[in-house]
Amino acid sequence: MIPRPRPERFRLRRTMMFMNAQKPGLIKDAYIYGADSIMLDLEDAVAENQKDAARFSLYHALRSIDYGDTEVIVRINGLDTPHWREDVRVCVAGGADGIRIAKCESADDVHTIERAVEEAEREFGVEQGRTLLMAALESPKGVLNAYEICSASERMFGVAISGGDFRKCMQTTPQRDGVDMLFARGQMLLAARAAGIQCFDTVFTNLDDQEGFEAEVLQNKAMGFDGKSLINPRQIRFVHQVFAPTEKEVMQAEKILLAYREQSAAGVGVFTVDGKMIDIAFIPGAERTLRLARACGMYEGDLI
Amino acid sequence: MKNAVGREIPDALLTGGREVYQGKDHMDGRYIQKAAPKTRRCEKPQESKVVESIAQALRQCKAANGMTFSFHHHLRDGDYVVNMVMQTAIEQLGLEELTIAATSLGSAHDPIADYIEAGKVVGIQTSGIRGRMGEVVSAGKLKTPAVIRSHGGRPRAIEGGEVHIDIAFIAAPTSDCMGNCRGIGGKSNCGSLGYAMTDARYADHVVVITDCLVDFPNMPASVEAIDVDAVVVVDSIGNPQKIASAAARISQNPRDLMMAEDVAKVIASTPYFKDGFSFQTGVGGPSLAANLFLEQYMDDRGIRMGWAIGGICGPMGELLKKGKVGKGIDVQDFDLDGVNSIHQTPGHFEMSASQYANPANKGAFVNKLDFVVLAALEIDTSFNVNVLTGSDGVLRGAPGGHPDAAAGSKCCIIVTPLVRGRMATVCEHVVTVTTPGDCVDVLVTDYGIAVNPLRPDLIQCLDAAGIPHVGIETLKEKAYALVGTPDDLEWEEQVVAVLEARDGTILDVVRKIRPFTLD
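Here the protein sequences come in this chain order: Z and G.
For the first sequence, the numbering used here assigns the number 1 to the initial residue and increments by one for each residue that follows.
For the second sequence, the numbering used here assigns the number 1001 to the initial residue and increments by one for each residue that follows.
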């Protein structure tokens, strides 16, 4: 059995790579590609009569494979299926870092899963509160209730949108400029930021359309997403490239944090760096930039 | 006697000045006496050298018991010529005690296994050996140990007289009536004929076998009529589908691509990656894909590749056409793009195996090579590579140009997945050392990169570029943790194959395998 450290609620999650939990060949070393998180799927990738086999494969992967510092999240089946309860038990028993709630439409949905997780943590002697949660919004109702979902639980670390289902409900298809999901993405981002949790964009499924993929990732970054769900390891490189801070941003963040340390030690709250006014509100952003820079191999200092 | 890679070489093999491997460049500066062939004078004017049959050509070349016949492997797994000639010699002419000296042999030559078992073929000298032939040799059925040489080691041994070819058989996609041969223009094209060149110049007799007779003179010729005794026209020299694969495509396998990207990163971190650099790569998944990522680094730095050798296949041909590579020089073509490009694309040339890799001449291309990217069946913690024997100890591979390019290049990168099925690729001791660890510089796997401690300069390069790397022991531990620690193979005493280092010293031996029995 491989012990996994207690999951961090807020950590770097630029890339979340989906993998079918049923395929041992895929999940045995999914961490080697360098995604920040892997998403082992019990839902759509697994045929209805193979759910049990997939749980079995998932449990043994979680117990016997050392995923190192790659986060391991499991996408469970929806609340409208007979599978989700057993899915939750297997995730908790196996020690998954987090659970992605499929088709989440309300705070009640989050609470339902949260209770099942609590029960499973008791049942398997897992530390209470260890298992994190994130919600997938797949319907207009889910998007409209985004804020209550995002703020429903202390376990919630993020929210994501599932483009396929959402576009079907909205009677639209993927558009080059992203106008099909512009409002939903915006609403979800607002809710996530208001609730203080992370926000992830949907998968881009056409592997042959690299140009379209790149355009979407650039837009994700511009809109303020924390990361993106991926379907193939080939997509990781570009997302990490885009989400990496620029050298100028890294230097600026370093300057701000250094100046903040000096000034606050001297009892000064507001000061200027390169002619720009800086106060405590700038600190979390600067720290986030440096954490990102460290993950991208651009920062080796000790300010964070 | 133990050699420099720790292998025990039986003293019985160390006769006639034969030495064990003592590290790379051990023979540098020594002189060799070249062995000239004994050839027939053709003073009288003649109209044609075409004879009716292989049997007639054999008789004309005074084929006799105990002779050595040579073949090239440009027709790869599509080759019909080795089987055709051996069948004629043994079944029609009743010859025996024959030795086959081929540049390589594959599963196309399964029927030869029968002649080995019947004791008609008593010696094999080759780079590669696979299929049934590998099995019968591993079972100890060949009368003398097979000799395995690299592509550079073979012309060295021929030129130095260690291998004397009585009759060389040149399978030729096109030939004229006098024996000027080319690898293109026919119906069974293979592109370069580089492996046939040394054979044609050093054999006592040369027989060209073609399925496409063209008008005289077939120019520019790869094998020249001045060396040829007879030309035989047959229906078909090989199966075109198996001679050259369809265009080699760059892998879309994410694991291959990830390793390929790491290979390119490593290359770009070294001081050799500058305008005019030189490069060789194989056609395996991650090796070929390295081209793609390398191109991006070349564009970023605004540099061009000076020249590439190989194996110039589709993706490298594209770089050549785009002007991103100055020249491509081919000893062999693997795919149709390569076959169709050689001699046609400006800057795409043919070279002989000697020119490619012979350590005993004065200008082998590999000795001026900056980078080579190679695969491995196994690599051990001393960076020794095995590309010859399977995990069951049976002969099923080919050193080819691997040891030559590894030794000659400034930076040799091995790229391989850490495990294949239940087999650990990175291991404690390889079954057979085919490329010594002192020639291997960097290992790239899907679980991490390791640099040979013999290359502290490269370690610095990787560190400076922020490329993470680990000790090769760590990779081995990881592999064993995943698939378990393999048991040692069990062998009989009998040596079934001798593995020569490219300089002619003995690098390793392969013994008869003791069949595995369950208790």
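These are calculated hints, taken from the structure and not from any lab test.
Source: prediction; values computed, not measured.
Hints may be right or wrong, so weigh each one.
[Claimed, not checked] Facing chain Z, a subset of chain G residues (Cβ under 8 Å, in silico):
#	residue
1	I1250
2	M1258
3	P1271
4	D1446
5	Y1447
6	A1464
[Claimed, not checked] Simulated crosslink set (BS3-like; lysine-lysine; CA at most 27 Å straight-line):
#	chain 1	residue 1	chain 2	residue 2
7	G	K1265	Z	K221
8	Z	K28	G	K1362
9	G	K1362	G	K1274
10	Z	K28	G	K1478
11	G	K1362	G	K1265
12	G	K1265	Z	K23
13	Z	K248	G	K1265
Backbone N, C-alpha and C fix where the C-beta goes; we use that ideal spot for every residue, glycine too.
Verification of the supplied hints:
1. About 12 Å separates the beta-carbon of G/I1250 from the nearest beta-carbon of chain Z, more than 8 Å, and the hint is not met.
2. The criterion of a C-beta within 8 Å of any C-beta in chain Z is met by G/M1258, whose closest approach is roughly 6 Å, and the hint holds.
3. Of the supplied interface hints, the one on G/P1271 is violated, with its beta-carbon coming no nearer than about 21 Å to a beta-carbon of chain Z, more than 8 Å.
4. With its C-beta approaching chain Z no nearer than about 5 Å, G/D1446 sits inside the 8 Å limit, and its interface hint holds.
5. For G/Y1447, the suggested interface contact is upheld, since its CB lies about 6 Å from the closest CB of chain Z, less than 8 Å.
6. The closest approach between the C-beta of G/A1464 and any C-beta of chain Z is roughly 12 Å, which is over the 8 Å cut-off, so the hint fails.
7. At roughly 26 Å between alpha-carbon atoms, G/K1265 and Z/K221 fall within 27 Å of each other, so this suggested pair holds.
8. Distance restraint check for Z/K28 and G/K1362: the Cα-Cα separation of roughly 50 Å exceeds the 27 Å cut-off, and the hinted pair is therefore not satisfied.
9. Proposed proximity of G/K1362 and G/K1274 is supported: the alpha carbons are some 25 Å apart, at most 27 Å.
10. Proximity of Z/K28 to G/K1478 is assessed by CA-CA distance (about 13 Å); at most 27 Å being required, the pair is judged to hold.
11. Only pairs whose Cα atoms come within 27 Å are accepted, and G/K1362 paired with G/K1265 is rejected, the gap being roughly 32 Å.
12. Pair hint G/K1265 plus Z/K23 does not hold up; C-alpha atoms about 31 Å apart against a cutoff of 27 Å.
13. Between Z/K248 and G/K1265, the direct Cα distance comes to roughly 24 Å. Compliance with the 27 Å bound is thereby established for this hinted pair.
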